[in-house]
Each structure stands twice: as C-alpha cells, then as structure tokens.
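Next come the chains, spelled out residue by residue.
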Amino acid sequence: MSRDPQAALIALNRFGFGARGGASGDFVNAASDPRGFVKAELARSSGVLLELPALQSTLALAQEAFAYQFEVKQAREAAAKSAQASEAAPASEPMQPNAAKMQDKPQAEPPAQPLNVIQKTYRAEALARLQRAVLADCGFTERLVAFWSNHFCISAGKGALARIWAGAFEREAIRPHVLGRFADMVKAVEQHPAMLFFLDNQQSLGPNSRAGLNRKRGLNENLAREIMELHTLGVGGGYTQEDVTSLARIITGWSFVGRQGILGTPGSFVFNANAHEPGPQRLLGKTYPAGGVEQGEAALADIARHPSTAKFIATKFARHFVADDPPPALLARLHDTFVKTDGDLKALSLALVDSDEAWSAPPTKMRSPYEFLVATGRLLAHVPEDPGPYLNGLNVLGQPLWSPAGPNGFPDTSAAWAAPEGMKLRLDISAQLASRVGNTVDARDLLQSAFGEAASPETHRTVERAESRQQALALLLMSPEFQRR
Amino acid sequence: MECCESRLLTSRRSLLLGGAAFAAWAYMPKFARASDGRDPRLIAVILRGALDGLATVAPVGDPDYAALHGSIALSVSGPHPAVMLDSFFALHPSMPEFARMYKDKQAAVVHAVATPYRDRSHFDGQDVLESGFAGPGRVQSGWLNRALQALPQGERVSGALAVGPTTPLVLRGPAATVGWAPVALPQADDDTAMRLIELYRHRDPTLAEALTQGLALEKTAQGGDMKTKPGGAPAQMRNVARGAAKVMAADDGPRIAALAFDGWDTHANEGGPVGRLANLLTGLDGALAEFESGLGAHWRDTVVVVATEFGRTARINGTEGTDHGTGTIALLAGGAVKGGRVITDWPTLKAASLYEGRDLAPTTDLRAVIKGVLADHLGLSARVLADAVFPDSGMVKPMQGLIA
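Residue numbers (this note's numbering), protein chains in the order written: chain A, 1 to 485; chain B, 1 to 404.
It is worth saying that the hints were derived from the structure and are not from the lab.
Each hint should be verified, as a subset may be incorrect.
[As the list claims (entries may be wrong)] From the structure, some residues in chain A lie toward chain B, with a derived Cβ separation under 8 angstroms: (1) D184; (2) A405; (3) P420; (4) M478.
Note that the structure is predicted; figures quoted are calculated from it, not measured.
Even glycine gets a Cβ: it sits at the ideal position worked out from N, Cα and C.
Please construct the entire structure, taking both the sequences and the accompanying hints into account.
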C-alpha cells in the first residue's frame, strides 16, 4: 500500500475534522487512499441527515416555545397584579418595612433556575451536532453542513424562536440539500420559519396588499436584500436597489403561523395571500407575473441559477476549504461544475476533492474555533455528553454556536481567527483542557495518530521535550499542524 | 429572550452583547510629552449596522420630517420630548449626557454626512468607513492605523485593552495595536507559552507574532477592572467605555483608540423616543459619559468621533423600522471639540431632494470631518491625509474649525 503522509493531513484536516485518537487508524487509512477516505462519506447520502428521537421538528418546537412564552407572560401579569395590590394596601408593620421582603429573598444565593425549554432544546441540538462531528469517520459531510449552515446562517440571539429553532433549521433546511441541489436549499432556507423570523419577513406587508392597506404597514427589505447579497448573487452580483425592493415585494406574504394558529398549524410556513403585494414584478430584467407563493419561488429558482450566484458560491466554497485567495483554476472548475450540473452540491463537493489544487495548496487556513474544538474532541476520543464545555469554548473564542453577530455569518479568513487575542485564548483553553485530561494521555501517541510521519521535526521535539504530560498535550493542540489546515 | 442569553452566553460573549470591540495604538505619539504640553487623545467610535441619523438628531424644523419618520418621529413635546439643539434640530431624549456636552460647547453634530460609498451593503459600507478607501474590498488596513504611521512614534504604552476577537478594521494595519480580552479563564503558564512561541518561530512566524502580541497585551491589562456586570446592551457599552477610559487616562496609557459597537440595524420596530434605538443610544450616551469622567483632566484634550457606515431610509418601512439608506450623522464629543453646533448643508427632506427618492441626501463627505479632526487635533498634513490616510481624496478638503 502506498502511503502519502502529507495528503493524509489534507484529507483529515482540510476536508475533515481531524484524525480520531485511540485505535481509529484514521491517519493510516487516509494516507493509503486520501481521496477515497474523503469521498467515502459522500457515498452515504443518508449520512447527512440528523434524525434522533430527542430532536423535534420546527412545528413541535413552535408549540413548545409558544406555550412557554404564554406561561411566562401569564406569570409576569400575575406578578404585576399582586405587586399592584400590595402597593395599594397600607403597610401593616411600618417599623419593619423590609421584613416581608427579607423572607421572600433569603440572603443565600437563590438556587440555579432549571433550564427552560428554549435553552434545553438549544443544548440538545448542539449536543447532537457535536456528537455527530466527533464520531464521523472523516467529517467531510459535517464540514459541509457547517459551511452551508454558516452561509445561510440565522442567529439564535435573535430571540426565543430563533434559539429553539436553530438546530431544527439546520436539520430541515440545510442537511437534506447538502448533497442535493443548491436551488432546493435556497427555497428550503428562505421558506423556513427560522429564516423568516431572523430576517423579519413575517412582518413585511405588501403596501397594496389587503393587510398592508388595513394596517398601514408595508415592506421590510431585510430578507430580500440578504438573499441577494449574502445567499446567492453576492455584493456586486449585478442587482440594484430596485431589485432588492422588487424581491421584497415578491416575497411579501412568506411568513409562518403564529401561536393562535389562524392561518394553519402554529409554527408552519404559510403563504399569507392577504399580505402579498399584488401585481407583476420586475426583477433582474425579468417580469414575474402576478401570483401567489409561486411568484417568489420562480424568482428564487432563477436567482439560484444566476451566473453571479455560481461565481459567488464557487469562490466562497473554495475559500472555506482551500485558501483565502483560492487558485483561479480551481475557481473556474468549481464554477463550471456548478453551472453544468445545475447547482448539484454533491458534484461541487466531488469536484473540489478531485481537483489537484485542493491537495497541493499549502495549509494556510486556520481552523475555526468550532473545527478546533471538534478536532480536539476527536483526538482525545472524547464523545461529548454535555455540550456545555464546547459551547463555553466557542463563546470564549468568538464563535458562539448558531449565533453570528450578523447575517453574513462568522468570518472565514485566516486573519480573523489568528488574531492576537484569539491565539492567546486558544492557548489558555488548550492549557486548561490539558490540565484536566493531560495526565491520562500520552501526547506522543496522539501526535502519531494525528499526523503520523507528517509532523514536523520541530513539533515532534517540542512535544517530546515538554516538561509534563499536560504541557505536551497543550503544545500538541496548539501546534501549527493542529491549528492549520 | 434575555434569560437565554445571560445563561448560555457566559464568559466573554456576554461582555460583548451589543458587539463591543476596543483597540488602541501601542505607542504614544512623541508630542505627548513635548514641551508645548500638547497631549491630544482621540477615540474613534464605529457604530456598525447603520445608525438612523434622522432619528438621533431629528430635523424637527423640516416640514417633511414628521410625515416621513411617521410613528417613530421624535417630537419636542409629549412625555419624552426631544431636546432642541438649535432652532431646527432636536436630539434624541436618550442622550442627556451628549445634550449637556453640547450645551457646554464640548459636543457637535455633523448632519447629512456620508462616506463615498453609495450602495447599501453593511459589510461593504463598513469596509469603506473603516478602511478609508473610496471603495469596498480593501481590508488590509484602516484609516486610523495609517494616520498613526504618520505620527512621530514615542514610548510604548503600558496598559491597554481590547474587547472582541479581532482588531476593528479602522485600526488594523502595520502600526502596532494592542488589545485585551477580559475572560475568566485560567491562563496558560509562561513556560508553555514560551515553548509554543519557539515552535511557531521555526514553523509559523505569523502565529508567533500573533501569540506574542496576545500575551503581551494580557500582561499590560492585568489589574484592569473589567468584571462582567449585569445589564443589557447599554450597560455593556458603558462598561467597555469605562475600562477603555481607565487605561487611556494613565500617564503612559494609549492616546489613540478605536471602539466599535454593533447592533444599529433597526429594520423593524426601531422605536421613537423609547424602544430599541433609544436603548442603544442610551448605551452610546453612557459610553461618552464614561469617557468624560474616566479621562478626567485629559478630557480637555480629547476628541471622540462617532461614525457609522451609512444612514437609513428617510421614510419608515412597513414594519416601523428603517431600511438601509445613505446620509446620516457624525458626532463629535470632547473638551477639544469646538462644540455647541450642528454643522450641515441641509439638503431638506423634500421628495425631490432625497437621494434616489428614499434617503437623506449626503451633502458632507465624512472624510472631510475626520480629516479636519486629524489635521487640527493630531497635526497631520493635508497631503498625508489625502494620499495615505484617505487615499485619492485630494478633492475632499479637511473641514476647518472643528477643534477648539
């Protein structure tokens, strides 16, 4: 069997989430057939779905969230009422005005509140995603999921619904299409209640729609703009402010059903004809005849196949996996594949793996905090049972799960993740982790499982000469081989 | 869902609610201790997300304002009256500190201002605002960093802090900056760090440089008081400003710094005198007050410039918010500001005057404002400003008389 240790590193780290420790044999397998190692996961297309009994649908989660919000509201109203009542009543013991309060609030710290359903769901979804990533053979599929999820990001920070839906959104709108068609992913994403909520489209009313006229409210361009700027055409992709407004009109009425279920099952996508701007619309030089939901679906189908979209997606895809400034030949090949296959994302992924450039470009990309923490879990063969440490780690390192600061998602350049504070924090986290588990592992063995003979002599020496097992592990986790891909 | 945020987003992220980032020049300008006693301090505050200038400094004297801004328009009467700055403009009621500074002639407003960027993408708009280039996509260095390169470099500062995973673009570039992230995380010991830096020196000089800087900053910031305090975005903004002011007040502290606050993208339910924007403005107002009190006697020599990537639509949208627009405001505050004025070439809000029929038309180039400050406060020459700091901006003359 021929062995190519450098190619093994590319297979494991550029495409995957890193070698698993223990007796996985990942490095040896990757070295003997690097491309095959990466592609094996793509052959199992069901492997991209994440379905577990503990994980509920968007619909079911909406019921939970609405019920919870209703409960909180009632409790708040009841509290306000009783506060009013006690204010109105004369103080019974004017000499000891604080006596009652003291009894209500003992000096000791109040017990930690149990997690509510929103928090519980977020953590359960996080745990399922982390376990899948830590256990995957190569992790290429999960890397693809993370890439598309960040491309079409929502933020859990938007509110209760976004937080409870963040995982379901990824499972329902992203995963089924990661090895499918881009246009189908676009449609699934833009019609998903989580995205409609995140970018305010449920509030957008056609100015001349029945609801718009009645309620004297109108358009909100937020979703329409981000569809074109961030999801498909990209900035400079040839659209104008007019096109943004036009698309906003076209997708008026794309909403989800609220708690009262007036338009259907609470939490489901709904096309609200009452809110839809009537009439034909002109978008990117084409007229879309008056219609219902199909008007927007036709527009999205065209935008997903626009030449600017092919260029934007090819560039972003190559930038994520290969280099901040990807080789032009690679961009051309990915672009052609996207166009020729009508946006077949499995074909796009295979074209990347089959390219020479993806294997010859030096490992200049920094692992994102998520990739770093998952790779660490894999190396230590530690299947997470509690998402807490991972979530905290991601918060500290500036990549809180499903919670980017804006709709453009987390940054995807090396400079963003190799900043001075970021490096210092990675070191602190590595040292902290090593101090807890370092005495049970031998970093020299881990170095062998992770990088085989591909590790540099300097890294070997640094790990071998460490003053303690803990220090050796911290240095291994911080080595260029482990940080870069 | 504040309850979720505070519970799940522990540690650093909770400090960053509202997305605050702070970084400073690692050196003092040489004239800081020169014989003429000049010791200017400059703080650039970037509001990311596009501030609604018409909602912050409202042209209540413009006959079209109230109709355009509709349900969220400010009024000088009612339970939360806006504060008249002159006979035409009124300040948002959430900014009493700024109003006081304005009255004391230590704060000024520049209205109907915009960068040269005319499209409406946040990310490109922020690139232009922070990079100082006329177009987007140039993200290697920011105008403030290039301004520093033209200043005489003195001693290295002793204490500085930065919040946020990366240096804001406005201060990114060749001139060394300092930063610090306050986290309750046990630190790696020095020996481990030194071994790692040694490895990086041989295998990865970029990471060696980054980690060396990160470690140095942590040291300078130790002893700083940046404990997390409960509260929403306004409290967080105040806290960051308080910490920043503390290090900047020291004799050997940084003189020139940048601070960025996220969250100004008020598409829906922006609110009028109270509500979402009001809440953010409370935070900004508090941050300015923290700078004033924290800098103490140095406030006299300080200019704070507050700028945003673009404005928002003059007419509110269908969801009681505003969409991406063009013209907006810049704010100046500090003892060195020749304040008490709203500086504007007011384009009016008549339908025909609106930019592309929807936005406040920009009549002042933001670069003119910043150039005016850099020229008169830091002594940069018009040529450096036109070539290096804001490349190819010779046509945009520095605004005169902004500094007292």
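Against the structure, the hints:
A distance limit of 8 angstroms between C-beta atoms decides the matter here; for D184 (chain A) the minimum to chain B is near 26 angstroms, and the interface restraint is violated. Among the interface hints, the one on A405 (chain A) holds; its C-beta lies about 5 angstroms from the nearest C-beta in chain B, closer than the 8 angstroms criterion. Using the Cβ-Cβ criterion of 8 angstroms, the hint placing P420 (chain A) at the interface with chain B is satisfied: the shortest such distance is roughly 4 angstroms. At its closest, the beta carbon of M478 (chain A) sits 5 angstroms from a beta carbon of chain B; the interface hint therefore holds under the 8 angstroms criterion.
The earlier numbered hint that this structure contradicts is number 1, and it is the only one.
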